[in-house]
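S.K.: Sequence:
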Amino acid sequence: VIEDNLWKFDFSTMSRNVLDHLKTHHDDQALVEMTQSSLAAKFGCSQSKVSRAISQLSRHNFTWKERRGVYRVHPLYAYRWGSVKQRRLVKSLEKVLLEHEIVIPTVRNEATR
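Using this note's numbering, you'd call the opening residue of the sequence shown number 1 and step up by one each time.
These aren't lab readings, by the way, just hints derived from the structure by calculation. One or more hints might be untrue.
[Stated by the list, open to error] What follows is a list of derived Cβ distance ranges for each label pair:
| # | residue 1 | residue 2 | range |
| --- | --- | --- | --- |
| 1 | His25 | Arg88 | 17 to 27 Å |
| 2 | Val90 | Asn5 | 30 to 40 Å |
| 3 | Asp4 | Arg68 | 29 to 39 Å |
Each residue gets a CB set at the ideal place from its N, CA and C atoms; glycine is no exception.
Turn these sequences into a full structure, and let the hints steer you where they fit.
M.R.: Encoded structure:
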């Protein structure tokens with residue numbers, strides 16, 4: 001559901017690049033070790049551009065910083081819906097996820113359907 005509606009978030013190209021990186025590099029706890037400077041080097045852009053992308057993803061709760069150099073990608077996005085890994089992780093992070101709900105934006109044309 002979330003992936004099919006990503007376009008509604010109107011993410012920048014860099015935000016989508018960072019989100020793709022998060023989704024492909026997370027561990028079984030949906031954690032990714034990365035720094036803004038390492039992503040800037042990977043994508044050939046400034047660290048501030050990566051910072052803005054991470055901020056955009058964080059505003060929509062796709063990722064949040066756990067500690068220096070470690071981000072968590074939201075397990076409802078990171079894993080295939082209903083997988084054993086996803087269910088186990090969602091259960092263990094239940095309280096945290098209530099604070100990091102992903103709300104799919106309403107698009108004007110869809111609201112009138």
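S.K.: Work down the list of hints and note, for each, if the structure agrees.
M.R.: Do the hints match the structure? See the list:
Separation of His25 from Arg88 is about 20 Å and conforms to the stated range, judged on CB atoms against 17 to 27 Å. Between Val90 and Asn5 the beta carbon distance is about 19 Å. The supplied range of 30 to 40 Å is therefore violated. Between Asp4 and Arg68 the CB atoms are about 34 Å apart, so this pair conforms to the stated range of 29 to 39 Å.
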